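Sequence lines, in order, name chains A and B. Using the numbering used here, read the first sequence as starting at 1 and increasing by one per residue. Using the numbering used here, read the second sequence as starting at 1 and increasing by one per residue.
These are calculated hints, taken from the structure and not from any lab test. Possibly wrong hints are sitting among the right ones.
Cβ-to-Cβ under 7 Å is the rule here; a few derived chain B residues that face chain A [stated by the list, open to error]:
| # | residue |
| --- | --- |
| 1 | Ile3 |
| 2 | Gly11 |
| 3 | Leu17 |
| 4 | His25 |
| 5 | Ala53 |
| 6 | Ile130 |
| 7 | Pro131 |
| 8 | Leu135 |
| 9 | Met137 |
Dumping the calculated SDA-like pairs for lysine to any residue here, alpha-carbon to alpha-carbon at most 25 Å [said to hold, decoys possible]:
| # | chain 1 | residue 1 | chain 2 | residue 2 |
| --- | --- | --- | --- | --- |
| 10 | B | Lys23 | A | Leu79 |
| 11 | A | Lys64 | A | Cys22 |
| 12 | B | Lys23 | A | Asn87 |
| 13 | A | Lys64 | A | Asn87 |
| 14 | B | Lys114 | A | Thr167 |
| 15 | B | Lys23 | A | Pro57 |
| 16 | B | Lys114 | A | Ala156 |
| 17 | B | Lys23 | A | Tyr7 |
| 18 | A | Lys64 | A | Val76 |
| 19 | A | Lys64 | A | Ala158 |
| 20 | A | Lys64 | A | Ala103 |
| 21 | B | Lys114 | A | Lys64 |
| 22 | B | Lys23 | A | His208 |
| 23 | B | Lys23 | A | Thr205 |
| 24 | B | Lys23 | A | Cys22 |
| 25 | B | Lys114 | A | Ile154 |
| 26 | B | Lys23 | B | Tyr134 |
| 27 | B | Lys114 | A | Phe41 |
| 28 | A | Lys64 | A | Met204 |
| 29 | B | Lys23 | A | Ala103 |
| 30 | B | Lys114 | A | Ser98 |
| 31 | B | Lys23 | A | Lys64 |
| 32 | B | Lys23 | A | Phe196 |
| 33 | B | Lys23 | A | Ala158 |
| 34 | B | Lys23 | A | Leu15 |
| 35 | B | Lys114 | A | Thr205 |
This one's a predicted model, so the numbers in the text were calculated from it and none came from an experiment. Just so it is clear, CB atoms sit at the ideal spot from N, CA and C, and this is done for glycine as well.
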Amino acid sequence: MLFASYYLWTAPHILLGVFLICLLGRGLQRQLPIFAVYVVFELVQFIVLFTISLHSPFQVATYKWALVIGDGINSVLELAIIYELANELLISRSRLASVLRPALQAVLAVLVLGAAIGSGAFSEISVQRVNNIFEMIDFSSNLIEAGLVLALFIFARALRFSWNSWTVGVALGLGVSASIDLVSDALRAEWGNRAFSAADLTRMTGFHICVVIWLVSVFLAHRIPTFPDSKLKISDLELWDNELQRMVQR
Amino acid sequence: MTIAVIFIVLGLLALVLTIYLAKGHLKKGGDLEKLAIQLRPVDVGAFCNLISATEQQYLREHLPMREFRSIHRERMGAAVEYVRCAAHNASILMRLGEAARQHSDPSVRLAGEKLVENGLRLRLYAIQLIPRLYLSMAFPKAGPTPDILADTYDDLSRQVVTLSCLHFPTHGMSSAL
Chain A
1 MLFASYYLWT APHILLGVFL ICLLGRGLQR QLPIFAVYVV FELVQFIVLF TISLHSPFQV
61 ATYKWALVIG DGINSVLELA IIYELANELL ISRSRLASVL RPALQAVLAV LVLGAAIGSG
121 AFSEISVQRV NNIFEMIDFS SNLIEAGLVL ALFIFARALR FSWNSWTVGV ALGLGVSASI
181 DLVSDALRAE WGNRAFSAAD LTRMTGFHIC VVIWLVSVFL AHRIPTFPDS KLKISDLELW
241 DNELQRMVQR
Chain B
1 MTIAVIFIVL GLLALVLTIY LAKGHLKKGG DLEKLAIQLR PVDVGAFCNL ISATEQQYLR
61 EHLPMREFRS IHRERMGAAV EYVRCAAHNA SILMRLGEAA RQHSDPSVRL AGEKLVENGL
121 RLRLYAIQLI PRLYLSMAFP KAGPTPDILA DTYDDLSRQV VTLSCLHFPT HGMSSAL
């Protein structure tokens with residue numbers, strides 16, 4: 001069990017380091033800058049926590065504060081990434097912003113309401129007050145993240161909006177991690193300390209899966225199926241578009 | 001207990017759905033010939049007839065109410081199928097536009113961008129229109145189709161005409177439409 005915990009704590013962060021190198025190497029941080037900041041922050045947090053854990057005697061209070069503050073910042077960054085994804089994938093790339101923005105806002109409102117209900121119900125998720133506050137924030141942000149990522153996928157599917165493999169990977173990783181965290185939070189809230197280890201392992205496994213998805217997606221980033229240039233003629237495209245545009249703008 | 005179980009189920013459901021929907025996005029690909037094969041034929045004349053306000057009025061005046069309701073339901077059901085086909089074709093055109101966006105020529109990229117935008121609009125029209133058609137199917141009296149839906153119908157029908165009339169010489173897309 002101890003080995004599994006250490007593995008699930010360190011391995012995803014080592015992979016995340018590899019991922020960051022690939023990300024910067026391919027210049028993909030320009031596309032999703034907040035995401036790049038999040039990855040760097042996650043690595044910094046890991047290094048800080050790992051260093052504290054190696055320090056003898058182990059300083060529980062320092063470790064907990066570092067964990068709680070780090071998780072709080074992470075939650076904010078993760079929500080910012082969802083905004084960045086929505087902006088990158090849907091809103092800034094189409095003239096449909098006026099329709100999609102209110103739809104996303106409505107989804108967000110429902111999720112915030114759900115988070116409020118859940119937070120009220122799980123108010124005793126942890127025995128310590130500070131931990132409790134941040135567990136609530138963590139739970140709420142996970143619910144909102146999972147819901148918004150799902151909403152983005154549903155919109156993209158309904159409108160047949162094409163995403164490239166890299167951004168789909170980022171969204172998928174976040175969605176998977178947030179969904180698993182949500183389950184783990186609910187388990188912990190219901191069964192308390194008895195489920196603490198299992199919930200923690202579940203959460204770390206979720207993050208591990210998330211990092212693997214990101215890593216695979218960054219390797220597949222340039223494998224989008226393309227059509228040979230020779231098969232597309234500007235005259236054909238202009239004809240299609242002029243006709244469509246004329247009909248749409250009446 | 002109940003709320004915890006609800007959130008556990010919601011979390012698992014979100015997980016499964018997210019993976020399922022993402023898988024659909026990652027699977028996209030293919031070439032233009034394969035896309036052309038996927039196009040569904042749309043009989044524009046028949047579609048226009050189905051959504052025609054005067055046609056609906058004529059049927060209402062000349063048929064017993066019960067018979068009119070039944071026929072109206074069938075007509076709207078058929079119209080839904082046409083709209084679905086048009087939306088499906090639009091999604092194929094969007095993939096054509098997506099392909100054009102990766103082209104080396106900037107003007108082709110720009111044209112592809114516009115094609116994607118307009119394809120998106122058509123899909124959005126379809127998403128708005130289909131529930132309205134079902135509503136009209138359920139309440140033919142309460143929801144006089146031409147009055148409420150005329151604008152969207154008109155836009156959509158004209159776009160369907162566009163889809164069926166435009167040519168894409170090398171891949172036979174226009175004949176498939």
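Against the structure, the hints come out as follows:
A cut of 7 Å between beta carbons decides the hint on Ile3 (chain B): the least distance to chain A is about 4 Å, and the hint holds. With 7 Å as the threshold, the beta carbon of Gly11 (chain B) comes within range of chain A, its nearest partner Cβ sitting at about 4 Å, so the hint holds. For Leu17 (chain B), the suggested interface contact is upheld, since its CB lies about 6 Å from the closest CB of chain A, less than 7 Å. At a threshold of 7 Å, the smallest CB-CB gap from His25 (chain B) to chain A is about 5 Å, leaving the interface hint in force.
About 17 Å separates the beta-carbon of Ala53 (chain B) from the nearest beta-carbon of chain A, more than 7 Å, and the hint is not met. The criterion of a C-beta within 7 Å of any C-beta in chain A is not met by Ile130 (chain B), whose closest approach is roughly 11 Å, and the hint is violated. A least Cβ separation of about 12 Å between Pro131 (chain B) and chain A goes past the 7 Å threshold, and the interface hint is therefore violated. At about 19 Å, the closest approach between the beta carbon of Leu135 (chain B) and any beta carbon in chain A exceeds 7 Å, and the interface hint on this residue is violated.
Against a cut-off of 7 Å between C-beta atoms, the interface hint on Met137 (chain B) is violated, since the closest Cβ of chain A lies about 21 Å away. This hinted pair checks out: Lys23 (chain B) and Leu79 (chain A) have alpha carbons roughly 23 Å apart, not beyond 25 Å. Restraint check for Lys64 (chain A) and Cys22 (chain A): the C-alpha separation of about 31 Å exceeds 25 Å, so the hint is violated. Between Lys23 (chain B) and Asn87 (chain A) the alpha-carbon distance is near 21 Å, which keeps this suggested pair within the 25 Å criterion.
For a cut-off of 25 Å, the pair hint linking Lys64 (chain A) to Asn87 (chain A) is broken: about 34 Å separates their Cα positions. Our distance criterion of 25 Å between C-alpha atoms is met by Lys114 (chain B) and Thr167 (chain A), whose separation comes to about 22 Å. Between Lys23 (chain B) and Pro57 (chain A), the direct Cα distance comes to roughly 48 Å. Violation of the 25 Å bound is thereby established for this hinted pair. Between Lys114 (chain B) and Ala156 (chain A) the CA atoms are separated by roughly 18 Å; this keeps the pair inside 25 Å, and the hint holds.
Restraint check for Lys23 (chain B) and Tyr7 (chain A): the C-alpha separation of about 28 Å exceeds 25 Å, so the hint is violated. In summary, the hint linking Lys64 (chain A) to Val76 (chain A) is supported, as the alpha carbons are separated by about 19 Å, within the 25 Å threshold. Between Lys64 (chain A) and Ala158 (chain A), the direct Cα distance comes to roughly 44 Å. Violation of the 25 Å bound is thereby established for this hinted pair. Between Lys64 (chain A) and Ala103 (chain A), the direct Cα distance comes to roughly 38 Å. Violation of the 25 Å bound is thereby established for this hinted pair.
The suggested pairing of Lys114 (chain B) with Lys64 (chain A) is violated, with an alpha-carbon distance near 52 Å, which exceeds 25 Å. Pair hint Lys23 (chain B) plus His208 (chain A) holds up; C-alpha atoms about 19 Å apart against a cutoff of 25 Å. The suggested pairing of Lys23 (chain B) with Thr205 (chain A) holds, with an alpha-carbon distance near 20 Å, which does not exceed 25 Å. Distance restraint check for Lys23 (chain B) and Cys22 (chain A): the Cα-Cα separation of roughly 23 Å lies within the 25 Å cut-off, and the hinted pair is therefore satisfied.
For the hint pairing Lys114 (chain B) with Ile154 (chain A), the CA-to-CA distance comes to about 23 Å; that is within 25 Å, so the pair holds. With a CA separation close to 30 Å, the supplied pair Lys23 (chain B) and Tyr134 (chain B) exceeds the 25 Å bound. Of the supplied pair hints, the one linking Lys114 (chain B) and Phe41 (chain A) is violated, its CA atoms being roughly 38 Å apart against a limit of 25 Å. Distance restraint check for Lys64 (chain A) and Met204 (chain A): the Cα-Cα separation of roughly 17 Å lies within the 25 Å cut-off, and the hinted pair is therefore satisfied.
For the hint linking Lys23 (chain B) to Ala103 (chain A), the alpha-carbon distance of about 23 Å falls within 25 Å, and the restraint holds. Among the hinted pairs, Lys114 (chain B) with Ser98 (chain A) is consistent with the structure: their alpha-carbon atoms are about 17 Å apart, no more than 25 Å. This hinted pair does not check out: Lys23 (chain B) and Lys64 (chain A) have alpha carbons roughly 38 Å apart, beyond 25 Å. Note on Lys23 (chain B) and Phe196 (chain A): the hinted pairing is violated, with a Cα-Cα distance of about 32 Å set against a maximum of 25 Å.
About 14 Å separates the Cα atoms of Lys23 (chain B) and Ala158 (chain A), which keeps this hinted pair within 25 Å; it holds. With a C-alpha separation of about 23 Å, the suggested pair Lys23 (chain B) and Leu15 (chain A) falls inside the 25 Å cut-off, and the hint holds. With a C-alpha separation of about 42 Å, the suggested pair Lys114 (chain B) and Thr205 (chain A) falls outside the 25 Å cut-off, and the hint is violated.
When held up to the earlier numbered hints, the structure conflicts with 5, 6, 7, 8, 9, 11, 13, 15, 17, 19, 20, 21, 26, 27, 31, 32 and 35 and fits the remainder.
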